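K.L.:
Now for the letters of each chain:
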Amino acid sequence: MKKGNTVFFKNAPRISSFAAVCGSKESEGVLGTFADIALQDDMYGESTFEKAECKMLSTAIALAIEKGGFTEKDIDVLLSGDLLNQIISASFAARDFNFPFLGVYSACSTMSESILLGAMLVNAGYCKKAVAATGSHFASAERQYRYPLELGCTRPPQAQWTVTGAGGCVISDKKEGVKIVNGTMGKVCDFGVTDVNNMGAAMAPAVAIITP
Amino acid sequence: MTGKSRDNFNPNYLNYVKTQDPPTQHFKNCAAAFGVGGLICCIGQFIRYMLEYAGLSGDELAGATSVILIFLGCFLTGLGVYDRIGRYAGAGSIVPITGFANSVTSPAIEFKTEGWIYGMAAKMFTVAGAIIVFGVFSGVLVGLVYLFV
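Residue numbers (the working numbering), protein chains in the order written: chain A, 1 to 212; chain B, 1 to 149.
Think of the hints as simulated: they come from the structure by calculation, not from any bench. Treat the hints loosely; a few may be bogus.
Said to hold, decoys possible - Calculated cross-link-like contacts (lysine-lysine; reagent style DSSO-like; alpha-carbon spacing at most 30 angstroms):
(1) B:112 to B:123
(2) A:25 to A:73
(3) A:187 to A:67
(4) B:123 to A:25
(5) B:28 to A:51
(6) B:28 to A:2
(7) B:28 to B:18
(8) B:18 to A:25
Claimed, not checked - Beta-carbon label-pair distances, calculated as ranges:
(9) B:28 to A:175: 28 to 38 angstroms
(10) B:116 to A:88: 49 to 59 angstroms
(11) A:188 to B:80: 30 to 40 angstroms
(12) B:75 to A:195: 47 to 57 angstroms
(13) A:181 to B:18: 52 to 62 angstroms
(14) A:31 to B:75: 19 to 29 angstroms
Here the structure is a predicted model, which is why all the values come from computation and not from measurement. Cβ coordinates follow ideal geometry from the N, Cα and C atoms, glycine included.
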């Protein structure tokens with residue numbers, strides 16, 4: 001059932017399990033205690049930040065499947081994306097698993113869009129278990145969108161940081177876990193914010209303006 | 001099409017965002033930039049005096065001083081110190097020649113992971129390229145003016 005831009009799930013798909021991996025800076029914050037794995041080293045033992053991002057995402061997906069007591073065979077589809085060009089981290093993370101992958105690019109709302117699509121698939125009965133996951137890395141995002149890390153430029157006080165971390169959840173038709181009741185498909189709202197250091201201000205109207 | 005040419009461009013919202021931003025501390029930033037920038041210039045002047053004492057003069061002296069400062073800028077960038085100085089000093093560490101060295105070295109380090117040729121060599125001038133283009137261009141313009149006037 002759909003009302004406005006919001007879809008209602010009558011078969012109540014649920015988030016059966018979830019997992020999160022976070023970087024060292026994130027683990028010091030208030031959400032740090034909820035992460036399953038807190039990295040001490042932002043490179044995660046890899047040679048590049050992009051590989052680290054990919055490994056974090058892969059770890060989060062594997063951990064979410066494991067925590068729910070599932071195996072790879074139970075999963076019907078992976079919905080995932082990230083911030084890099086050609087959603088390359090998600091594509092390479094999907095290489096580690098033996099189930100289909102649907103790439104989602106939705107910038108900062110990749111996770112919510114993945115959950116929405118996953119819930120739609122499970123609700124409609126096209127699949128029984130879908131994994132929604134996403135990941136990002138401060139250093140790789142900074143390199144792609146802003147300046148090199150070693151460049152001695154000042155960050156304005158309103159500057160925000162891209163999260164170093166990854167998270168995944170299994171959406172299933174089992175009768176336990178957090179119920180997904182409805183989901184709203186977002187519109188693109190552009191009020192003309194052009195400050196690359198203040199993406200929060202650019203994105204906030206999309207949340208505020210949505211009509212249910 | 002940029003946001004500003006669109007109908008949904010919302011000046012009220014942009015003004016609201018501006019009021020919510022934490023204020024930039026202009027006095028503190030200026031003082032830090034003045035102090036650090038001045039210190040870099042003093043170091044440069046010290047190097048110049050030392051080289052003059054060692055017997056260099058004229059263009060050689062100016063060239064040698066610049067080369068030493070550029071080397072120091074690159075070296076400190078490689079050690080990961082210069083970006084910390086830059087975060088504190090702002091324009092104080094960007095304007096001197098060491099800042100230019102930093103703007104070439106930092107992308108070189110950053111993109112080294114993409115390979116030596118397609119990464120480091122190709123991306124080395126992503127930040128400094130604009131400075132070089134407009135520097136050369138304005139140099140040509142001034143040269144033409146100098147030639148004819």
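K.L.:
With reference to the structure, classify each hint as holding or not holding.
P.N.:
Quick rundown of the hints versus the structure:
1. B:112 to B:123: With a Cα-Cα distance of about 9 angstroms, the restraint between residue 112 (chain B) and residue 123 (chain B) holds, given a limit of 30 angstroms.
2. A:25 to A:73: Violated: residue 25 (chain A) and residue 73 (chain A) sit about 35 angstroms apart, past 30 angstroms.
3. A:187 to A:67: 34 angstroms, violated
4. B:123 to A:25: 28 angstroms, holds
5. B:28 to A:51: Cα-Cα ~39 angstroms, so violated.
6. B:28 to A:2: Measuring from Cα to Cα gives roughly 55 angstroms; hence the hint is violated.
7. B:28 to B:18: The hint holds at about 20 angstroms.
8. B:18 to A:25: Holds - the C-alpha atoms of residue 25 (chain A) and residue 18 (chain B) are around 27 angstroms apart, at most 30 angstroms.
9. B:28 to A:175: 28 to 38 angstroms: Taking Cβ atoms as reference, residue 28 (chain B) and residue 175 (chain A) lie about 58 angstroms apart, which means the hint is violated.
10. B:116 to A:88: 49 to 59 angstroms: Because 21 angstroms falls outside the window, the suggested range is violated.
11. A:188 to B:80: 30 to 40 angstroms: 38 angstroms, holds
12. B:75 to A:195: 47 to 57 angstroms: Violated - the Cβ-Cβ distance for residue 75 (chain B) and residue 195 (chain A), about 33 angstroms, lies outside 47 to 57 angstroms.
13. A:181 to B:18: 52 to 62 angstroms: Since the Cβ atoms of residue 181 (chain A) and residue 18 (chain B) sit about 38 angstroms apart, the hinted range of 52 to 62 angstroms is violated.
14. A:31 to B:75: 19 to 29 angstroms: 38 angstroms, violated
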